[in-house]
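S.K.: Spelled out from the first residue to the last, the chains are:
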Amino acid sequence: MSDEPQIRILLAKLGLDGHDRGLKVVARILRDAGMEVIYLGLRQTTDSIVAAAEQEDADAIGLSMHNAGHMTLAPAMVKAVNDAELDCPVIVGGIVPDQDVQPLLDAGVAVVLGPGASAEEVAQSVRDAVAAVNS
Amino acid sequence: MATKRSVPELYAAARSGERRALGRLLTAVERGGAAADEISELAHPDSGKAHIVGITGSPGAGKSTLVGQLVSDLVAAGKKPAVLAVDPSSPLTGGAILGDRIRIEDGESEAFIRSMATRGHSGGLALAVPLAVRVFDAAGYDPVIIETVGVGQVEVDVVGAADTAVVVMTPGMGDAVQANKAGLLEVADVFVVNKADRPGANDVRRDLDLMLDLSHMTGQESETGYRPPIVMASALHGDGSADVWAAVEAHLAHLDDTGLRDSRRKHRMRTEVKARLEQAMSAAADQAMDSTVGAAWLDQAERAEIAPTRATNELLALLLKTDLSNIDMQSTIDRQRNEELS
Chain A
0 MSDEPQIRIL
10 LAKLGLDGHD
20 RGLKVVARIL
30 RDAGMEVIYL
40 GLRQTTDSIV
50 AAAEQEDADA
60 IGLSMHNAGH
70 MTLAPAMVKA
80 VNDAELDCPV
90 IVGGIVPDQD
100 VQPLLDAGVA
110 VVLGPGASAE
120 EVAQSVRDAV
130 AAVNS
Chain B
0 MATKRSVPEL
10 YAAARSGERR
20 ALGRLLTAVE
30 RGGAAADEIS
40 ELAHPDSGKA
50 HIVGITGSPG
60 AGKSTLVGQL
70 VSDLVAAGKK
80 PAVLAVDPSS
90 PLTGGAILGD
100 RIRIEDGESE
110 AFIRSMATRG
120 HSGGLALAVP
130 LAVRVFDAAG
140 YDPVIIETVG
150 VGQVEVDVVG
160 AADTAVVVMT
170 PGMGDAVQAN
180 KAGLLEVADV
190 FVVNKADRPG
200 ANDVRRDLDL
210 MLDLSHMTGQ
220 ESETGYRPPI
230 VMASALHGDG
240 SADVWAAVEA
250 HLAHLDDTGL
260 RDSRRKHRMR
270 TEVKARLEQA
280 MSAAADQAMD
290 STVGAAWLDQ
300 AERAEIAPTR
310 ATNELLALLL
320 KTDLSNIDMQ
330 STIDRQRNEE
340 LS
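So the sequence lines, in the order shown, correspond to chains A and B.
Note that numbering that gives the first Met the number 0 has the first sequence beginning at 0, numbered continuously upward.
Note that numbering that gives the first Met the number 0 has the second sequence beginning at 0, numbered continuously upward.
If you're looking for bench data, these hints aren't it; they were derived computationally from the structure.
Mixed in with the good hints, there may be bad ones.
To give an idea of the chain B side of the interface with chain A (calculated C-beta under 7 Å), a few residues [as the list claims (entries may be wrong)]: (1) SER15; (2) ARG18; (3) ARG19; (4) ARG23; (5) THR26; (6) ALA27; (7) PRO90; (8) ILE96; (9) GLY98; (10) ILE112; (11) ARG113; (12) HIS215.
Here are the in silico distance ranges between beta carbons for each label pair [said to hold, decoys possible]: (13) A:PRO4 <-> B:ARG264: 31 to 37 Å; (14) A:ILE94 <-> B:HIS236: 31 to 37 Å; (15) B:THR270 <-> A:VAL132: 35 to 41 Å; (16) B:ASP141 <-> A:ASP82: 58 to 64 Å; (17) A:HIS18 <-> B:MET216: 52 to 58 Å; (18) A:SER117 <-> B:LEU91: 15 to 21 Å; (19) B:LEU319 <-> A:VAL132: 21 to 27 Å; (20) B:HIS236 <-> A:ASP31: 42 to 48 Å; (21) B:PRO7 <-> A:PRO4: 45 to 51 Å; (22) B:LEU91 <-> A:GLN98: 27 to 33 Å; (23) B:ASN312 <-> A:GLU84: 52 to 58 Å; (24) A:ASP31 <-> B:ALA33: 28 to 34 Å.
Predicted model only: the values in this text are computed from it and were never measured.
Backbone N, C-alpha and C define an ideal beta-carbon position, used for all residues, glycine too.
Using the sequences and the hints given, assemble the complete structure.
M.R.: Here you go:
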């Protein structure tokens, strides 16, 4: 437990992807890393996530993607966050082919976490992404 | 990216309807300290209008689902409701999963929903919740709904301090003996038997009715003869939420008719002042223990050379000489949190 302000992160599935097991695991990982996880769950839209991020004053948005929609949805999320002028990094986790990682980062996604990322890696990525925005 | 705005700037923006500014203010409220005090001073003259409704019950009773239904109904009726959904923090890591939003989500409507973790520090909730309610009130939200899990004394107190306290029950959670145990049920102004489509719902209603009859017998009923109604609902199916809200509004009318609303407000103020005072005293106690003289007394007690009562009395004498205006509240809040987590 550090003296730094508590990180509040929104976790959501964007669109019609119904695979939320991974997101639930990540929610638990981040909770046990001492963060406050605002769990939005399935079938969110960029608008509903932005609205929640404003009301919750979230420090980060975590998206879980397992239906190959990431090249469309993740940049749309980044755009929505930027349009709303939220200083909120967008972190993507799930199934993202190697060749898509750099294009996503170029599109403004803060971090892409794939299968096999350790709990510590997941938590540290969130802390780093939040710190990068606030620095 | 976004420039840092001062508390008065954020407050003005929140009053003019900017949700992001309101979100920021609520974060400062949660953190406590000087910024929260500043917000309290700003919001005070602009608050006092909203109907404050507390909703509590066991985990899984359907509170969030019911709140989600109420929020939809209220928005449809042209109201501007705010929800403060309180969930527990882990005592081990300080982390929390705030999962109420998933059932209340109405993000593009007029409603404002904020999740709040209890965070370890003792009494923190007792300071943050009333101030968050005032901020919602000042920003024009009415009603303000506080949702908590009815497990801890603090959570029960928070809901009990609302204008109207709603307790959500479900079938299969115990019998008439449970219903007569002290605590949660005593603070209810409205009972909801949720999941009323399930077997046993009428048993719950009967047990509650019996409990209320006994209150009448033992003289524990309210002086005005108000008897909390029992409303049957099935929130998941959207049944009964209109009845619940009608009961809540009827209770508010009762408060207004009898002048009880004012006495509840007084009680709330008194409770909050006491909680803040206790927080300040706790901060002063920490400083006294950290001071050179205090640490020496503490050290003697730790080595069992003097009794803890003696050390306490010496520290108390020291504390009463302390200039309380210099107490650093925030560091104490942080430290209490860290101590509870370590």
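S.K.: Now tell me, hint by hint, if it's right for this structure.
M.R.: Hint-by-hint comparison with the structure:
no., hint, verdict
1, SER15, "violated (15 Å)"
2, ARG18, "holds (5 Å)"
3, ARG19, "holds (5 Å)"
4, ARG23, "holds (6 Å)"
5, THR26, "holds (4 Å)"
6, ALA27, "violated (9 Å)"
7, PRO90, "violated (11 Å)"
8, ILE96, "holds (5 Å)"
9, GLY98, "holds (4 Å)"
10, ILE112, "holds (6 Å)"
11, ARG113, "holds (6 Å)"
12, HIS215, "violated (43 Å)"
13, A:PRO4 <-> B:ARG264: 31 to 37 Å, "holds (32 Å)"
14, A:ILE94 <-> B:HIS236: 31 to 37 Å, "holds (36 Å)"
15, B:THR270 <-> A:VAL132: 35 to 41 Å, "holds (38 Å)"
16, B:ASP141 <-> A:ASP82: 58 to 64 Å, "violated (30 Å)"
17, A:HIS18 <-> B:MET216: 52 to 58 Å, "holds (56 Å)"
18, A:SER117 <-> B:LEU91: 15 to 21 Å, "holds (20 Å)"
19, B:LEU319 <-> A:VAL132: 21 to 27 Å, "violated (46 Å)"
20, B:HIS236 <-> A:ASP31: 42 to 48 Å, "violated (35 Å)"
21, B:PRO7 <-> A:PRO4: 45 to 51 Å, "violated (21 Å)"
22, B:LEU91 <-> A:GLN98: 27 to 33 Å, "violated (41 Å)"
23, B:ASN312 <-> A:GLU84: 52 to 58 Å, "holds (56 Å)"
24, A:ASP31 <-> B:ALA33: 28 to 34 Å, "holds (32 Å)"
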